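Peer 1: Okay, here's what each chain looks like letter by letter:
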Amino acid sequence: MSVLVFIDHSDGHVKKASLEALSYGAAIAAKSGTKAEAILLGTVTEDLSALGKYGVKKIYQVKNESLNKLDAQVYTKIIAEAISSTGAKIIVFSHNLSGKAIAPRLSAKLKAGLVAGAVALPDTGNGFVVKKNVFSGKAFANISISSDIKIISINPNSYSIVTGEGSAEVADLPVNIEPYKVKTVSASKASGEVLLTEAEIVVSGGRGLKGPENWGMVEELAKLLHAATACSRPVADAHWRPHNEHVGQTGIAIAPNLYIAIGISGAIQHLAGVNRSKVIVVINKDPEAPFFKAADYGIVGDAFEVVPKIIEAVKKLKGVA
Amino acid sequence: MKILVCISKTPDTTAKIAFTDNNKKFAADGVQWIINPYDEWYALVRAIELKEKDASVVLHLITVAGADSDPIIRKALALGGDEAIRVNADSHDSFYIAAQIAAVAKQGGYDLVFTGKETIDYNGSSVGGMVAELLDLPYISLATKFELSGTTATVTRETEGGEETDEAMLPIVVSCQKGMAEQRIPNMKGIMSARTKPLKVVEPAAVDPLTTIVSFELPPAKAGVKLVSADDPAELIRLLHEEAKLI
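Chains as they are written, first to last, in the numbering used here: chain A, 29 to 349; chain B, 92 to 338.
The reader is advised that the hints may include incorrect statements.
[What the hints assert, rightly or not] If you want a taste of the chain B side facing chain A, the calculated C-beta under 8 Å gives, among others: (1) 104; (2) 158; (3) 162; (4) 250; (5) 282; (6) 318.
In short, the hints are calculated from the structure, not lab data.
Everything numeric in this text was worked out from a predicted model, so none of it was measured.
Beta carbons are placed, not taken as given, at the ideal position from N, Cα and C, and that holds for glycine.
Just chain A, with the same shape it has in the complex (with noise of 0.2 Å):
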């Protein structure tokens, strides 16, 4: 009857998607008097037993170096003789795109229900109903989930990491791993900055900052609040900033504590992707800017005047030189 977490881990580390996904299984744990454990598989550097400080007591792991680079085919097999041999009931993983690409694999294989994305703990005060973000975070639906086992994938940054105290026991899990049917060729990745759908914070310049050359002042702002950099579509579209920085409809949906749009008009399209941020900053020349409705403090004026001060502002805040 225990809850399972999945813990996503990458270049060695957990990532902290997965912290919030191990407080919020063991939230669900605690709230159903049962245990909260969790599976790992691949290696990672840092000390597994500490992640019991997240609430789990037991953290099953495949230390095999070949699992470090997910399948989810093969990775779906692995959990899924996991769950048939720990008795879980309740199966969490982060709706990252790990998560996106194992849990529904793991749904169809053992016809267990899954709430995708889902926003808060589920309420078990009748059956068992999770609330998840709908129509592009325009609304929310209440789902309810009737077979015996149960999935859920909690969006990024909406369940709080909570932190105790506590050991986890990590055992060894051994298993027969298939080849991988899919051969990656290739990987590229940006290094060293904050990544977006896991950013606090995100500072992001569309099509009012006129050209690629003026994204000094939002790499240097975002750098100061230790945020990811974003853009809207029409700047990735014109190639002055990377597609994996597009946030919007068409792009990478993001949940930030923050979202600083600057130059952004806030096309309803672009909305659906940063709705969902818990607090809004609008920096925009036009008073009329949609993205005013949508904001929480706005600033009605020239960015390329108004962001230099905001530097010197958070600069002076944070005792930089």
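Dock chain B against chain A, hints included.
Peer 2: Same frame as chain A, but now just chain B:
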């Protein structure tokens, strides 16, 4: 070479989102319906391009929906494709929908199944992975490029903060997003020919849904924007620090 493209009907991106029937149903009155943009602009158009390159490609579209989706299917057929299959059922459960698609796909012997990366209404990103599992096939999600050489697919996909290029032997399931293809507008010839293309209606396989929607909610309205003077941007930082406590 047979390709199956999964399409879904969604409210237009600018549609007003509201609910009726005690917040149990989406208020569909006056809503303009479109083909889910990811299904149309990326999955379908890329499949059409593959057919344009190789005339022997057979391209079928599938949707799991009631008859009210027929205009959307005709619109998709106007862009391209040889025929469409509508599984006559109405469900919001991803597993139910995936099981219907998998049943048709299994029978049809498709080499390639394309989906959009998600629908813009239920945002599950789930159907593609479920179809792949039910067919025991590899699934490459969030593809931005797709090339075919014989029976080997080379697919570039989004990763967190970057991209990677994968290779897999057909048959596979691929979910498509921006980058795969450019949006097209159907021309008059396409619209005329779509009228006579076969639209097969098949009855659903017996499948039990695993989830049901209990109710909908709208997010709480924003309190309204607090404007800071452009002459004093430092005040914004003070508010974000002291009031919002975010920096």
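Peer 1: Give a verdict on every hint.
Peer 2: Tested hints:
Because the beta carbon of residue 104 of chain B sits about 6 Å from the nearest beta carbon in chain A, less than 8 Å, this interface hint is met. Taking 8 Å as the C-beta cut-off, the interface hint given for residue 158 of chain B is violated, the closest approach to chain A being about 23 Å. The restraint placing residue 162 of chain B at the interface with chain A is violated, with a minimum CB-CB distance near 21 Å, outside the 8 Å limit. Annotation: interface hint on residue 250 of chain B holds; nearest CB of chain A at approximately 7 Å, less than 8 Å.
With a cut of 8 Å, the hint placing residue 282 of chain B at the interface with chain A is violated, because the nearest CB-to-CB distance is about 25 Å. Checking residue 318 of chain B against chain A by beta carbon gives a least distance of about 5 Å; that is within 8 Å, so the hint holds.
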